[in-house]
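Which chain is which? The protein sequence lines are A and B, in order. The first sequence begins at 0 in numbering that gives the first Met the number 0 and counts up one residue at a time. The second sequence begins at 0 in numbering that gives the first Met the number 0 and counts up one residue at a time.
No wet-lab data here; the hints were simulated from the structure. It is possible that part of the hints are untrue.
[As the list claims (entries may be wrong)] The calculated SDA-like cross-link candidates involving lysine to any residue, where the alpha carbons are at most 20 Å apart (straight line), are:
(1) A:Lys122 x A:Leu20
(2) B:Lys197 x A:Lys107
(3) B:Lys50 x A:Arg51
(4) A:Lys27 x A:Lys125
(5) B:Lys166 x A:Gln36
(6) B:Lys4 x A:Glu305
(7) B:Lys192 x A:Lys122
(8) B:Lys4 x A:Arg195
(9) A:Lys25 x A:Val73
(10) A:Lys25 x B:Glu250
(11) A:Lys197 x B:Lys197
(12) B:Lys4 x A:Asn276
(13) B:Lys4 x A:Lys27
(14) A:Lys107 x A:Asp9
(15) B:Lys192 x B:Glu214
Here the structure is a predicted model, which means the values were calculated and not measured.
2 protein chains.
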Amino acid sequence: MKDKKLTYRDAGVDQEKAQELTEFIKEKVKKAFGFDQIGGFAAGLPLEGFKRPRLLATADGVGTKLLVAQAVNVHRPVGIDLVAMNVNDLITTGARPLMFFDYVATGKLEPEVFKELLEGMIKGCKEAGVVLAGGETAEMPDFYPPGRYDLAGFCVGVAEEEELLPKELDERTLLVGLPSSGLHSNGFSLIRKVLRQKGLSYQHFLPELGKRVWEVLLEPTRIYAKEVKKLKEAGVKLKAMAHVTGGGIPENVRRLLPENLRARVYKEALPESELFNWVRELTGLPDEELFKTFNMGVGFILFVDESELGRVKELLPEAFELGRLEKGKRAVVIE
Amino acid sequence: MKDKKLTYRDAGVDQEKAQELTEFIKEKVKKAFGFDQIGGFAAGLPLEGFKRPRLLATADGVGTKLLVAQAVNVHRPVGIDLVAMNVNDLITTGARPLMFFDYVATGKLEPEVFKELLEGMIKGCKEAGVVLAGGETAEMPDFYPPGRYDLAGFCVGVAEEEELLPKELDERTLLVGLPSSGLHSNGFSLIRKVLRQKGLSYQHFLPELGKRVWEVLLEPTRIYAKEVKKLKEAGVKLKAMAHVTGGGIPENVRRLLPENLRARVYKEALPESELFNWVRELTGLPDEELFKTFNMGVGFILFVDESELGRVKELLPEAFELGRLEKGKRAVVIE
Numbered sequence: 000m001k002d003k004k005l006t007y008r009d010a011g012v013d014q015e016k017a018q019e020l021t022e023f024i025k026e027k028v029k030k031a032f033g034f035d036q037i038g039g040f041a042a043g044l045p046l047e048g049f050k051r052p053r054l055l056a057t058a059d060g061v062g063t064k065l066l067v068a069q070a071v072n073v074h075r076p077v078g079i080d081l082v083a084m085n086v087n088d089l090i091t092t093g094a095r096p097l098m099f100f101d102y103v104a105t106g107k108l109e110p111e112v113f114k115e116l117l118e119g120m121i122k123g124c125k126e127a128g129v130v131l132a133g134g135e136t137a138e139m140p141d142f143y144p145p146g147r148y149d150l151a152g153f154c155v156g157v158a159e160e161e162e163l164l165p166k167e168l169d170e171r172t173l174l175v176g177l178p179s180s181g182l183h184s185n186g187f188s189l190i191r192k193v194l195r196q197k198g199l200s201y202q203h204f205l206p207e208l209g210k211r212v213w214e215v216l217l218e219p220t221r222i223y224a225k226e227v228k229k230l231k232e233a234g235v236k237l238k239a240m241a242h243v244t245g246g247g248i249p250e251n252v253r254r255l256l257p258e259n260l261r262a263r264v265y266k267e268a269l270p271e272s273e274l275f276n277w278v279r280e281l282t283g284l285p286d287e288e289l290f291k292t293f294n295m296g297v298g299f300i301l302f303v304d305e306s307e308l309g310r311v312k313e314l315l316p317e318a319f320e321l322g323r324l325e326k327g328k329r330a331v332v333i334e
Numbered sequence: 000m001k002d003k004k005l006t007y008r009d010a011g012v013d014q015e016k017a018q019e020l021t022e023f024i025k026e027k028v029k030k031a032f033g034f035d036q037i038g039g040f041a042a043g044l045p046l047e048g049f050k051r052p053r054l055l056a057t058a059d060g061v062g063t064k065l066l067v068a069q070a071v072n073v074h075r076p077v078g079i080d081l082v083a084m085n086v087n088d089l090i091t092t093g094a095r096p097l098m099f100f101d102y103v104a105t106g107k108l109e110p111e112v113f114k115e116l117l118e119g120m121i122k123g124c125k126e127a128g129v130v131l132a133g134g135e136t137a138e139m140p141d142f143y144p145p146g147r148y149d150l151a152g153f154c155v156g157v158a159e160e161e162e163l164l165p166k167e168l169d170e171r172t173l174l175v176g177l178p179s180s181g182l183h184s185n186g187f188s189l190i191r192k193v194l195r196q197k198g199l200s201y202q203h204f205l206p207e208l209g210k211r212v213w214e215v216l217l218e219p220t221r222i223y224a225k226e227v228k229k230l231k232e233a234g235v236k237l238k239a240m241a242h243v244t245g246g247g248i249p250e251n252v253r254r255l256l257p258e259n260l261r262a263r264v265y266k267e268a269l270p271e272s273e274l275f276n277w278v279r280e281l282t283g284l285p286d287e288e289l290f291k292t293f294n295m296g297v298g299f300i301l302f303v304d305e306s307e308l309g310r311v312k313e314l315l316p317e318a319f320e321l322g323r324l325e326k327g328k329r330a331v332v333i334e
């Protein structure tokens, strides 16, 4: 063996397999979106009918929720999460999301795993109304241990200049919450550590939730693009939006506030949630820590003038008044 | 310790440190690009003066070149590579690159490592004429071993519809090569395996190259945005461009060819290269395998009408006639 010349294939990189994979993705994407630019150096869309278009984009990953997916060998949900984390960020700017790109990195590509991820991403993109326009699937021998992959996503959209958010906020601004579908993609490092500490396996059945731990944890992140689109099409004037991710409600609302406004969030407005009761009990953490780490049942927050509340609730019956802005030093008060 | 309640910080996620990091990036980016949207949910740029704009984007990573960087603790070059891999892909479409986004994932963020990566990315973005508009820095405890990080990048640009490439190719089309700066970011799985097999360390000094192995390997990928811009501004009509990455010249030229055209590439046209002589000797591979795996000294290929060759060489003195298209079944012949 000593004199055998190593080819690129011997080194763990199989270009023919890569070619086959590209064909597979191409076909799936063509079928799902009627889009045929997969496999080129880049992918694009025409920007028609915009007067003063503004290009907007985001980059985000899924974080350690991936470790749960990889532990139980269920991958479709995190494909959805990847799209959700990016699209929900992007739409807060007022942009219409247009294209999504993924980066999937692994040691040795497992076709079955990749298929599930791709299915999840396609589902997420369809829900969000974006095209899965391209991406990179990186096989990196020696880099990732068997079964491990990381995901990064990227979403591009466009807004007319006058659609751009946030607009100016004032004391007449209400915070309107939209329910989350579960933990979304935040707080997983903590949850995983507590589960380990308590010796709870992902397969453990939780009677109060009627599901196993992993099913609870892997519930995909909700995508709020359709809801936001519906409000805009009905002419509802949105002032700002927050995607509740790392840092929870406090941090993601705070970053939108001017120096002279404080947000008051009503705890009793939060949806009754068996899930977050379980999280509270499991972690034993005080509310202050819980709110900094988890979405606590609120995945997305709309900032609207109080005169718009009725219309928002009519269009989105699940929307609820979560809080309001008031004069005071920039802060988020949860009570 | 058993009853200690774990907070998110105990679980390895430090939100204050994350906040500090955001401030640090914000400052650097503001200074480098005069751009102040870091830290929001998304980032954007106005699209002014376009008539029929077309949005284009790419996603790419650096691959196992990262393992070399991590082994010798030198990170700036791969920051440049990340930008280069994306920008060079994007410009092949005829687009003007506008914004770059990064995803940096690691177990525990090392500020010094991150600083070097950021410096590299900023350098790359400046060279490419794009804004480092945002990104995601993911700290994933338990996911990456100490010292390990992965990088993904995304680049967005815009082209007027009439600028879009490739245009129709014909037998009058020449392939004009631009030199690579080194291995760029391809072939590393193979090179690393051969080095290991031969017991050659990254610190080994190569007299024929006047450098250590790691210095040779980590030479950053050249960015061709300035050169392409120069040609376009001078009115040179480009028909297509190829970024020579995975699959080398054969694969990256082939993907641009129509069914009825064959590309002939002249081996003797390639720049004399001590580096690729070393690679040839080290790996002992035949040329066919070498060309499929490495760029062999050609990082970027311009497809132009033969009437444009003089102008291209005048504007870019390092450009060389690498080959031409001729009638025949779609293929790349290297001879």
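Legend entry - Violations among the numbered hints: 2, 6, 7, 9, 11, 13
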